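Following the hints, position chain L against chain A.
Protein chains: 2
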Amino acid sequence: MSDYAEPIERLIDEFRRFPGIGIKSAQRMAYIVLRRGHEENERLCRAISDVKEKIRACSRCNNFSDSDPCRYCGPSRSPETICVVEEPNDILAVEKTREYHGRYHVLHGALSPINGVGPSDLMIGNLLERLREGEVKEIILATNPNVEGEATAIYLSKLLKPIGVKVSRIALGLPVGGDLEYADEMTMTKALEYRHEM
Amino acid sequence: MSDYAEPIERLIDEFRRFPGIGIKSAQRMAYIVLRRGHEENERLCRAISDVKEKIRACSRCNNFSDSDPCRYCGPSRSPETICVVEEPNDILAVEKTREYHGRYHVLHGALSPINGVGPSDLMIGNLLERLREGEVKEIILATNPNVEGEATAIYLSKLLKPIGVKVSRIALGLPVGGDLEYADEMTMTKALEYRHEM
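Sequence lines, in order, name chains A and L. Reminder that position 124 of the first sequence reads as 124 in this note's numbering, one-by-one numbering, no gaps. Reminder that position 36 of the second sequence reads as 36 in this note's numbering, one-by-one numbering, no gaps.
In isolation and in its complexed conformation, chain A is listed as follows (with noise of 0.2 Å):
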């Protein structure tokens, strides 16, 4: 017999399915789930279902968006630089910088042999393409400073400089092995400022 009654543990097992919910975290979730109105379940998940709705991945930078292209996209920046980030979450650690007013490229991911997760696994299709459109000066690759960001950042380093793109790397000034999505304004707008020629 289960210690749960089976809805319940259904629940829990759900929750426990995000990466970083763990089983204290997923029981307790559920038991809010139990407590609370119908309402704010239901409202839970409508947002849920909108989000999966509305939200969609823009065509030009793949980044996550109501509108397509995405508010990056637009005309307001500039077309010459394009920031390479791992996760859509990653270009709100470059915008709080205030520094950068070129557009994004979302990769969706990075490098990861152990992982199985291979360049034809990455948004990388496309961000040629934008290239082949000729307006692209500088390409800033802004993947995290891990050991799949480094590998990501040199697998394309190799692929785009033939093509005779000035191709830069944020310096690391974040630490290593950290995550680009906790960085603090500072050390990211010095990770901008010394970022090198590959």
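Just so you know, these hints were derived from the structure itself, not from any lab. Keep in mind it's a predicted model, so treat the numbers as computed, not measured. Treat the hints with caution; some may be incorrect.
Mimicking EDC-like on lysine to aspartate or glutamate, the simulated pairs with C-alpha atoms at most 16 Å apart in a straight line are [claimed, not checked]:
id, chain 1, residue 1, chain 2, residue 2
1, A, K24, L, E80
2, L, K24, A, E150
3, A, K54, L, D184
4, A, K52, L, D179
5, L, K24, L, D3
6, A, K24, L, D184
7, A, K161, A, E138
8, L, K54, A, E138
9, L, K52, A, D68
10, L, K52, A, D179
11, A, K96, A, E185
12, L, K54, A, E181
13, A, K96, L, D3
14, L, K52, A, E6
15, A, K52, L, E6
16, A, K24, L, E181
17, A, K52, L, E181
18, A, K54, L, E181
19, L, K96, A, E133
20, A, K52, L, D184
21, L, K24, A, D179
22, L, K24, A, E181
Frame of chain A, contents of chain L only:
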């Protein structure tokens, strides 16, 4: 202009309503919802609605259950002892010891004047009703070993002893300031063994 498109912002807000889920966790969860298939999101929402539909508080002990009376209020458990806990999850901490064969009573909270939680906010009324049936010989107060739990135990002991029932408190083998939910089996076993009459 917000950092996120409105539907993403709204979903992040909904996840943040769960205590213990911070901004970073909520963002990650929202992106997972965006990335994974409709089917997985629907399964989560179905689990949420099922749990609200199928799980009720047991009319005797207030434990969340898919049956009424719940599994711990059945004839397999001794009606002579009632173990009073703050939350349904705390029952599992006591069950893990395999040393307790009596019944339970869930208060759904603890006294906390600072948070405006008084005796009338706890499920004390139907505990008194159960005592009136005359089968109960001992009440074990297994509220948490922190300020609120101690205050609740003292309040209940003063309320219950005049009725003529034996009232005991689990031993403070549990680390003071801790939480019943995190107790290991041995500590919990000691706490049951060394309960003292109040």
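Evaluated hints:
1. A/K24 / L/E80: Violated - the C-alpha atoms of L/E80 and A/K24 are around 31 Å apart, more than 16 Å.
2. L/K24 / A/E150: With Cα atoms ~23 Å apart, L/K24 and A/E150 exceed 16 Å; violated.
3. A/K54 / L/D184: violated, 46 Å
4. A/K52 / L/D179: violated, 38 Å
5. L/K24 / L/D3: Distance of about 14 Å is within 16 Å: holds.
6. A/K24 / L/D184: At roughly 14 Å apart (the allowed maximum being 16 Å), L/D184 and A/K24 satisfy the hint.
7. A/K161 / A/E138: holds, 10 Å
8. L/K54 / A/E138: violated, 58 Å
9. L/K52 / A/D68: Violated: L/K52 and A/D68 sit about 38 Å apart, past 16 Å.
10. L/K52 / A/D179: violated, 38 Å
11. A/K96 / A/E185: holds, 6 Å
12. L/K54 / A/E181: violated, 40 Å
13. A/K96 / L/D3: holds, 10 Å
14. L/K52 / A/E6: Holds. L/K52 to A/E6 sits at ~12 Å (cutoff 16 Å).
15. A/K52 / L/E6: Given pair A/K52, L/E6 holds - Cα atoms ~12 Å apart, limit 16 Å.
16. A/K24 / L/E181: OK: A/K24 and L/E181 at ~9 Å, within 16 Å.
17. A/K52 / L/E181: violated, 36 Å
18. A/K54 / L/E181: With a Cα-Cα distance of about 40 Å, the restraint between A/K54 and L/E181 is violated, given a limit of 16 Å.
19. L/K96 / A/E133: violated, 65 Å
20. A/K52 / L/D184: violated, 41 Å
21. L/K24 / A/D179: The given pair, whose Cα atoms are some 12 Å apart, holds under the 16 Å limit.
22. L/K24 / A/E181: Status holds; Cα separation ~9 Å.
Violation of the numbered hints given earlier is confined to hints 1, 2, 3, 4, 8, 9, 10, 12, 17, 18, 19 and 20; the remaining hints are satisfied by the structure.
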